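Enquirer: Each chain is listed here by its residues.
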Amino acid sequence: MRRRTPAGVVVLAIAAVVFVGLPLVGLALSVPWSDLPALLTAPEVATALGLSLAASLSATAISLVLGVPAAWVFATTRFRGRSVARGVVLLPVVLPPVVGGAALLFTLGRTGVLGGPLYDLSGLVLPFSFAGVVVAVTFVALPFVVLTMEAAFRSIDPGFIGAAETLGASPWTVFRRVSLPLVRSSLGAATLLAWARAFGEFGATVTFAGNLPGRTQTLPLAVFVALESDRRAAVAISLVMVVVALAVLVGLRDRWWRT
Amino acid sequence: MVRLASLVVAAALLVGCGSGGDRVTVSAASSLAVVFGEMEAAFEAEHPGVDVVLNLGGSSSLAAQISAGADVDVFATADAAHLRGIATGTPFATNDMVVATPRGNPGGLAGIADFSDPALFLGLCAVGVPCGDLAREALHSAGIDPTIDTEEPDVRSLVTKLLAGELDGGIVYRTDLPGLTGIEIPPEHRTTARYEVAALTSEGEPFTAFVLSDAGRSILRAHGFGTP
Amino acid sequence: MVADVNALDATLGIHRGPFALDVALHLPPGRTVALLGPNGAGKSTVVGALAGLVPLDRGEVRVGDRVLTDTAAGIDLSPRERRVGVVFQRDFLFPHLTVAENVAFGAAPGIAEVWIERLDLGAFADRRPTEVSGGEAKRVALARTLAAEPDVLLLDEPFAGVDAAAVAALRQVLAEHLAGFEGPRLLVTHDPVDAYLLADEVRIIEDGRITMVGTPDDVRRRPTTRYAADLAGANYLSGTASAGVVTVGGRGLAIAEKGIAGPVTVVIPARAIALHTTHPEGTPRNVWLAPIERVEDLGERARVAVGGPVPLVAEVTAEGARTLAGLPEVWVSVKATEITVLD
Numbered sequence: 001m002r003r004r005t006p007a008g009v010v011v012l013a014i015a016a017v018v019f020v021g022l023p024l025v026g027l028a029l030s031v032p033w034s035d036l037p038a039l040l041t042a043p044e045v046a047t048a049l050g051l052s053l054a055a056s057l058s059a060t061a062i063s064l065v066l067g068v069p070a071a072w073v074f075a076t077t078r079f080r081g082r083s084v085a086r087g088v089v090l091l092p093v094v095l096p097p098v099v100g101g102a103a104l105l106f107t108l109g110r111t112g113v114l115g116g117p118l119y120d121l122s123g124l125v126l127p128f129s130f131a132g133v134v135v136a137v138t139f140v141a142l143p144f145v146v147l148t149m150e151a152a153f154r155s156i157d158p159g160f161i162g163a164a165e166t167l168g169a170s171p172w173t174v175f176r177r178v179s180l181p182l183v184r185s186s187l188g189a190a191t192l193l194a195w196a197r198a199f200g201e202f203g204a205t206v207t208f209a210g211n212l213p214g215r216t217q218t219l220p221l222a223v224f225v226a227l228e229s230d231r232r233a234a235v236a237i238s239l240v241m242v243v244v245a246l247a248v249l250v251g252l253r254d255r256w257w258r259t
Numbered sequence: 001m002v003r004l005a006s007l008v009v010a011a012a013l014l015v016g017c018g019s020g021g022d023r024v025t026v027s028a029a030s031s032l033a034v035v036f037g038e039m040e041a042a043f044e045a046e047h048p049g050v051d052v053v054l055n056l057g058g059s060s061s062l063a064a065q066i067s068a069g070a071d072v073d074v075f076a077t078a079d080a081a082h083l084r085g086i087a088t089g090t091p092f093a094t095n096d097m098v099v100a101t102p103r104g105n106p107g108g109l110a111g112i113a114d115f116s117d118p119a120l121f122l123g124l125c126a127v128g129v130p131c132g133d134l135a136r137e138a139l140h141s142a143g144i145d146p147t148i149d150t151e152e153p154d155v156r157s158l159v160t161k162l163l164a165g166e167l168d169g170g171i172v173y174r175t176d177l178p179g180l181t182g183i184e185i186p187p188e189h190r191t192t193a194r195y196e197v198a199a200l201t202s203e204g205e206p207f208t209a210f211v212l213s214d215a216g217r218s219i220l221r222a223h224g225f226g227t228p
Numbered sequence: 001m002v003a004d005v006n007a008l009d010a011t012l013g014i015h016r017g018p019f020a021l022d023v024a025l026h027l028p029p030g031r032t033v034a035l036l037g038p039n040g041a042g043k044s045t046v047v048g049a050l051a052g053l054v055p056l057d058r059g060e061v062r063v064g065d066r067v068l069t070d071t072a073a074g075i076d077l078s079p080r081e082r083r084v085g086v087v088f089q090r091d092f093l094f095p096h097l098t099v100a101e102n103v104a105f106g107a108a109p110g111i112a113e114v115w116i117e118r119l120d121l122g123a124f125a126d127r128r129p130t131e132v133s134g135g136e137a138k139r140v141a142l143a144r145t146l147a148a149e150p151d152v153l154l155l156d157e158p159f160a161g162v163d164a165a166a167v168a169a170l171r172q173v174l175a176e177h178l179a180g181f182e183g184p185r186l187l188v189t190h191d192p193v194d195a196y197l198l199a200d201e202v203r204i205i206e207d208g209r210i211t212m213v214g215t216p217d218d219v220r221r222r223p224t225t226r227y228a229a230d231l232a233g234a235n236y237l238s239g240t241a242s243a244g245v246v247t248v249g250g251r252g253l254a255i256a257e258k259g260i261a262g263p264v265t266v267v268i269p270a271r272a273i274a275l276h277t278t279h280p281e282g283t284p285r286n287v288w289l290a291p292i293e294r295v296e297d298l299g300e301r302a303r304v305a306v307g308g309p310v311p312l313v314a315e316v317t318a319e320g321a322r323t324l325a326g327l328p329e330v331w332v333s334v335k336a337t338e339i340t341v342l343d
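Protein sequences appear in the order of chains A, B and C.
Counting from 1, one number per residue, gives the positions in the first sequence under the numbering used here.
Counting from 1, one number per residue, gives the positions in the second sequence under the numbering used here.
Counting from 1, one number per residue, gives the positions in the third sequence under the numbering used here.
Okay, chain A solo, but in the shape it has when bound (with noise of 0.2 Å):
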């Protein structure tokens, strides 16, 4: 069946590809296309990919591991409080990055609340450190993979969870063999949201972990440390981020969205 759509959405959506779409055709424009290899291959922009990559890919994984449970249990059970947990642990989608990588610092830090007895215990010192980033980039993370799957984990019918109870199935097995299962679709697209926003981050980072190449200066630090410096440099790893992310965003296609 021919869907007929309306001209004036079909007006909208278009705005709405072109609102995004020309700032990145700019940033293509002002590629000093001749000194792109040399710009590339520094070994800066090598080592802060790798670092953003590892990065995101870590806080992707602990959002996940960390970020599914809770959701279930917002979803699943009613407890006093419920509306303040879950308002705390959505907070960082709402709050400046640079604000929650502060609040990392004071807490976290050497001289922090937690940090300051965890340093004094261990000799741990998360700033400045990698996985001072991956603490920075999973704050920022993780509340997506809660808003989108405890979304998702409501939408199940609960006539499944009671079937399931009634075949002898406990909480675990109801949560492994039933729920997540009937999730699947939005579990890969609160994946994807989660390592995107980790990928991109930059204002907690730089709060929280500070920047040094080879250590903790992911790709976003990499380009607003290089605007000072050498803008075509800047205009070169922008494009990297650009190109990594539509690789991944057009490579998976509509696959994280299949049930």
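Note that these hints are calculated values from the structure, not bench results.
It cannot be assumed that every hint is accurate.
What the hints assert, rightly or not - Over the 10 Å line for every Cβ pair with chain A, so calculated as not near, a few chain C residues:
1) Thr145
2) Phe181
3) Gly259
4) Glu300
Stated by the list, open to error - Examples of chain A residues lying across from chain B (beta carbon under 8 Å, computed):
5) Arg80
6) Thr107
7) Val113
8) Pro127
9) Phe130
10) Ala131
11) Arg232
12) Val250
To be verified - These stretches of chain A come out as covered by chain C in the derived footprint (C-beta under 8 Å, 3 or more residues):
13) 165-172
14) 184-196
For clarity, every value in this text was computed on a predicted model and none was experimentally measured.
Note that CB positions come from ideal geometry on N, CA and C, so glycine has one too.
Position chains B and C against the provided structure of chain A, taking the given hints into account.
Expert: For chains B and C alone, coordinates are given in the frame of chain A:
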């Protein structure tokens, strides 16, 4: 002299009221944040009806914004190079680089030589930021190969980390010392930022003149800047 | 083993806003009890309460001496611990598993295959639930529930979502497997045909209360509530059709449709049955002598229950009933055209 300047300013304001309106946009390097805040207050007190808007940031980004056509009336930078191609600047302040530690020097730094100690948590401004370049010049002059843990994009975030006690030491401007403990860099290695200011439009001339005036200079000196 | 099979006893009290449920149930093992009532009467709530999916405000559920719920003692076993099997109105077959995997979900190793075969699911065992018909899905749901080897079997509207053509076949399947299940069985439905054909005992539920308990015959022939009486306005019988004759209880009844064969349900409206004191002349093909069991005065009309191989409830005028008074037997005649064949 000030009297005459004020009359000129008043006349210019009356005559020049038009496209710029009563708003003067000043782009200034972030190390000028506090002192220019006071400049703004003093200038607005003398010129009621004029609203000075401060636009703070790294000198390079500010220069880029101006080149891209941002509506800026005054540009004050810590590095004369950033003014090149935009306008001719007038030197108005100097700011020595100095080693800074959290209050009380918990890391026990003796001086610039400790910047090659890997056990300490040390920070500098990033390359390309005037604060970062000047710091590295000083280190290079002293023959020190620094092992640092972060290159902050601007001096304010470096100072924040020092104030929080997360870093044991950093190299910042003398004017950033309030709240921190400072250790002098030996004069033979010390580097100094030379600030220049330029009016980019006619609306910006009164404020620029104020910065260069005696009133402006006394404000600068009160905050720890040197005046040429 | 029969020794392990126990009866289910329950008193269910639920008061949620305007809805109130006050029901007592005794389900002996090896018998099918039908809970029959209009929509909204509380039938599905009873299923939910027995299965542990709906909490009770007041009451008890026991299977033998196992206590599943006891509100006074604060006992409320989770559905998982109850071993009460449910075939739901909406099936709730897991869409991400195949038919075979669904059946195996709660089953001990090796048991699933037995049920897949018993319920003839082999042809589509590897398909997804969305790829099978309503009747097939019901069989899968039944297999899945039975494969988990519950102590009690509850069926909630088992013919919902099954299209008319498949209902007769499904009824046979249910009859067979209900009879084969040794524990207590509860069949919840709004359709009296299901109750008459599959149940040993019928409990009528209206507005959250049981209003009548009896055998299907009792309900049909001696209804004690208006709803039951409405249900009783017609006689439903099971038989086998072949070449224009439906055999019911050993007796052949001529019907109008000649082309139907196989298991069928026949409907004879109470008012279409004519009773005669002598052998009637004329066209009716279906005539036989039957003992009068009961005459019930309904004012202008009367209900006469006759026995024999084809037990029926006939509705006649009060006058007509008077002529039958005292007679032990009566000639029954039903026109072939008055007999409706279902399926």
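Enquirer: Which earlier hints can't be squared with this structure?
Expert: Violated hints: 1, 5, 6, 7, 9, 10, 11, 12, 14; rest satisfied.
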